[in-house]
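Student: Spelled out, the chains give:
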Amino acid sequence: MSTKDSPSNKTNAIELNSGEMYMPKWKTVRIRQELVTAAKRTLEEGRYQSLSEFVSEAIRLRLGELKQPERIAEKQIEYPLIHERLLYTPDHIWIMVTPEGNIRVGLSDYAQRHLKGIAGIQADPIGSEVKKKEPFGVVETWMFMFDLYSPISGKIIKINKALQDEPYIINKDPYDAGWIAEIKPNNLITLEEELRHLMKQQEYKTWVSKLGRPRILAL
Amino acid sequence: MEATNCAFKNKRMLPPCRAACPADVNVQGYIALLQQGKFKESVELVRKSIPFPAICGRVCYSPCEDACARKNVDEPVSIRALKWIIADIEREEGRVKPEPVPKTHSEKVAVVGAGPAGLTAAYELAKLGYPVTVFEAMPEPGGTMRYFIPDSRLRKDVVANEVAYIQDLGVEIKTGVLFGRDLSIDSLQNDGYDAIFIAIGIQKVWSRKLKTQDTPSLPPTLLNIEEGEASTKLSTVWVDPLTLETRIPGVFAGGDILTGKASGIVYAIGAGKRTAISIDRYLNGQDLRTGREEKIEETTWVKDWATIAKKPKRYTSPRTDGKQKVSFEEAEERLAKIKEVAIFEARRCLECGPCTECLGSEELCDIDKAVVNEALCTGCNVCVIICPFGAMKKSERGVAQVDDDLCKGCGACSACCPERAITMQRATNAQIMTNVLAALEREFA
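So the sequence lines, in the order shown, correspond to chains A and B. Residue 191 in our numbering sits at position 191 of the first sequence, and the numbers go up by one each step. Counting the second sequence from 1 gives a position; our numbering is that position plus 1000.
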């Protein structure tokens, strides 16, 4: 157990005289009024049913706190997978222009990490028309469904059939084997203009890092 | 904490929820793990007793909630809904693939019928290292769970996922094999199966579903023949109600085939588990009945329900099993929210059962225990009065005595003992105080 919690700590709600902090003689220590009030307040709030529950909760809190460094390490995952020549939409779709002038789309690494429980991926069939910023397919995980938003208007000319049997490919290789579909743009002339508004690698990286993360659960 | 240190080897009492469960799920255990936010460990614990956490979470009729002691205060804990959500969160956070269990036994086991009873028996026997083959008449395994429960209550992919888990453990499932037409008890015995479990469900219902006139050719020795007034009626199969063994040695039967009516998935799972124990004993040449008739006592520490603060139910299961369309950011938020609510609901558990449920032997439980130094104890009785769980008693020698089954390690006795005769096994007094202060700090920061 760490001994960081000293009475000089500013956030300390209870002030104790430094000598009595760790209570060398347990039986002679009178529980101070502040501690009693604080404990009472906690119990009145109804979060704990008894002081004993409160104490065991405190032990859990402490154990949870000891695990904190690991969690911080988890947060700082880099994105080594993001290719430089890819473009990104705010819907976490990456775009690559193929040599034939078509658009290959897939889901980014950020999206992939929300798809650990992927159950299936369904793009619209070959030949169907898609419109810019409208869904052209759907990804299903165990609990949720996510729309795939098309970055441009056009026609679907290819879909990755491997994903239908093995949607897990998207977790392993979102940028290469995990591509989803190829779209032939309706208007080649305005294509360049449309793509200019999309994010480049560095922009996307910064943008993703700013996205709100849910707060870590206090145990 | 090593397994040998665990003071609660003799599990002789159960909390009401576990006692009520036909499949003997360690409810208090998984709820306790959930309180600590250990979602994965919690599902693993459920899987120790049943192979279908997600299915039971959806369609079990939850006798555990009817028995829950919390109902004496306000409403029972949402035990079933919590099982649903922990199983879903586990799957949502990644596909679960267990390691196949190595085959340590050479005796082959055949299970006829891939419904809840048959699959549970196969699962339990595969975990023990037996090579198990399941024969199923329908094109897909799952039985009642797949073909009779509507999609709105139980999605097909949920069943497929749980069956895949059993297959990953090393169970072989052969579909499209009809008992009575392609298989019989004799043919299975000739193929070298040392034990057979018949779990084919209610025949009338299934032959209609299979669109077949074939009825299973069960030998008359298996059947329960009732002498009616007009004619001799063949009803269900006769088995020993304790061991589920039929009149033919090595042949067992369980599930709906015994009752002749749909009796609930959790009952079938219970039957599958009991059969697995019987088959294991049969193949090892042990007595099937020894030690199985004992009734385990039910217990709670709560003496006065009026003293317990009311906390209304926060979490109930969703009405339908549909998926919602969200964005990636929303999904992350919702998942965090669901987890928070689930932990809050788990905290409503009174943990009224004995400490045998704490999993201390499996290093999952952080619980502590009180120890009395009898040389210092003067028998003042303060600890007996203060203990909220009724775990302290005055022994015949006039000193305090800890009932290890009931002690939950709160440290209240240790804190109040005027002679400092009670200490905790793991935490020192200073540590407990540090923890209290840390908790208060966080609470009022």
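Some hints could be false.
Pair by pair, the computed Cβ-Cβ distance ranges are [as the list claims (entries may be wrong)]:
1. B:Y1061 - A:P125: 56 to 62 Å
2. A:P90 - B:T1316: 45 to 51 Å
3. A:K131 - B:A1309: 52 to 58 Å
4. B:D1191 - A:M96: 29 to 35 Å
5. A:E166 - B:E1172: 49 to 55 Å
6. B:D1066 - A:Y168: 38 to 44 Å
7. B:G1390 - A:Q164: 56 to 62 Å
DSS-like mimics (lysine-lysine), calculated; alpha carbons at most 27 Å apart, straight line [to be verified]:
8. A:K158 - B:K1211
9. B:K1103 - B:K1038
10. A:K116 - B:K1103
11. B:K1325 - A:K155
12. B:K1325 - A:K210
13. B:K1261 - A:K116
14. B:K1048 - B:K1038
15. A:K161 - B:K1097
16. B:K1209 - A:K116
17. A:K184 - A:K158
18. A:K116 - B:K1048
19. B:K1323 - A:K133
20. B:K1097 - B:K1261
21. A:K161 - B:K1211
22. A:K161 - A:K116
23. B:K1048 - A:K172
24. A:K172 - B:K1261
25. A:K131 - B:K1325
26. A:K161 - B:K1261
27. A:K210 - B:K1211
Derived from the structure by calculation, the hints contain no laboratory data. Yeah, the Cβ is synthetic: ideal placement off N, Cα and C, and Gly gets one too.
Student: Against this structure, judge whether each hint is valid.
Tutor: Taking the hints in turn, this is what the structure says about them:
1. Remark: the range hint 56 to 62 Å for B:Y1061 to A:P125 is contradicted by a beta-carbon distance near 42 Å.
2. Between A:P90 and B:T1316 the CB atoms are about 35 Å apart, so this pair departs from the stated range of 45 to 51 Å.
3. The beta-carbon spacing between A:K131 and B:A1309, approximately 56 Å, falls within the hinted interval of 52 to 58 Å.
4. Range check, B:D1191 to A:M96: Cβ separation about 56 Å, and the 29 to 35 Å hint is violated.
5. In this structure the supplied range 49 to 55 Å is violated for A:E166 paired with B:E1172, their Cβ-Cβ distance being about 23 Å.
6. The supplied range of 38 to 44 Å is met by B:D1066 and A:Y168, whose beta-carbon atoms lie about 40 Å from each other.
7. B:G1390 and A:Q164 have their C-beta atoms about 59 Å apart, which keeps the hinted 56 to 62 Å range intact.
8. With a C-alpha separation of about 42 Å, the suggested pairing of A:K158 with B:K1211 is violated against the 27 Å cut-off.
9. Annotation: proposed proximity of B:K1103 to B:K1038 is violated, straight-line Cα distance about 31 Å (limit 27 Å).
10. Distance restraint check for A:K116 and B:K1103: the Cα-Cα separation of roughly 31 Å exceeds the 27 Å cut-off, and the hinted pair is therefore not satisfied.
11. A hinted pair counts as satisfied when its Cα atoms are at most 27 Å apart, and B:K1325 with A:K155 qualifies at roughly 24 Å.
12. Between the alpha carbons of B:K1325 and A:K210 the distance comes to roughly 23 Å, so the proposed pair stays at or under 27 Å and holds.
13. Straight-line distance between C-alpha atoms of B:K1261 and A:K116 comes to about 40 Å, which puts the hinted pair past the 27 Å bound.
14. Annotation: proposed proximity of B:K1048 to B:K1038 holds, straight-line Cα distance about 16 Å (limit 27 Å).
15. As the CA atoms of A:K161 and B:K1097 are separated by approximately 24 Å, the hinted pair is consistent with the 27 Å bound.
16. As the CA atoms of B:K1209 and A:K116 are separated by approximately 37 Å, the hinted pair breaks the 27 Å bound.
17. A hinted pair counts as satisfied when its Cα atoms are at most 27 Å apart, and A:K184 with A:K158 qualifies at roughly 9 Å.
18. Only pairs whose Cα atoms come within 27 Å are accepted, and A:K116 paired with B:K1048 is accepted, the gap being roughly 24 Å.
19. In summary, the hint linking B:K1323 to A:K133 is supported, as the alpha carbons are separated by about 22 Å, within the 27 Å threshold.
20. Restraint check: the Cα-Cα separation between B:K1097 and B:K1261 comes to about 34 Å, which exceeds 27 Å; the hinted pair is violated.
21. Under the criterion of a C-alpha separation no larger than 27 Å, the hint pairing A:K161 with B:K1211 is inconsistent with the structure, at around 35 Å.
22. For the hint pairing A:K161 with A:K116, the CA-to-CA distance comes to about 20 Å; that is within 27 Å, so the pair holds.
23. For the hint linking B:K1048 to A:K172, the alpha-carbon distance of about 30 Å lies beyond 27 Å, and the restraint is violated.
24. Only pairs whose Cα atoms come within 27 Å are accepted, and A:K172 paired with B:K1261 is rejected, the gap being roughly 47 Å.
25. Restraint check for A:K131 and B:K1325: the C-alpha separation of about 19 Å stays at or below 27 Å, so the hint holds.
26. For a cut-off of 27 Å, the pair hint linking A:K161 to B:K1261 is broken: about 45 Å separates their Cα positions.
27. For the proposed pair A:K210 and B:K1211, the alpha carbon gap of about 60 Å is over 27 Å, so the pair is violated.
Violated hints, listed in ascending order, are 1, 2, 4, 5, 8, 9, 10, 13, 16, 20, 21, 23, 24, 26, 27; each of the other numbered hints is respected by the structure.
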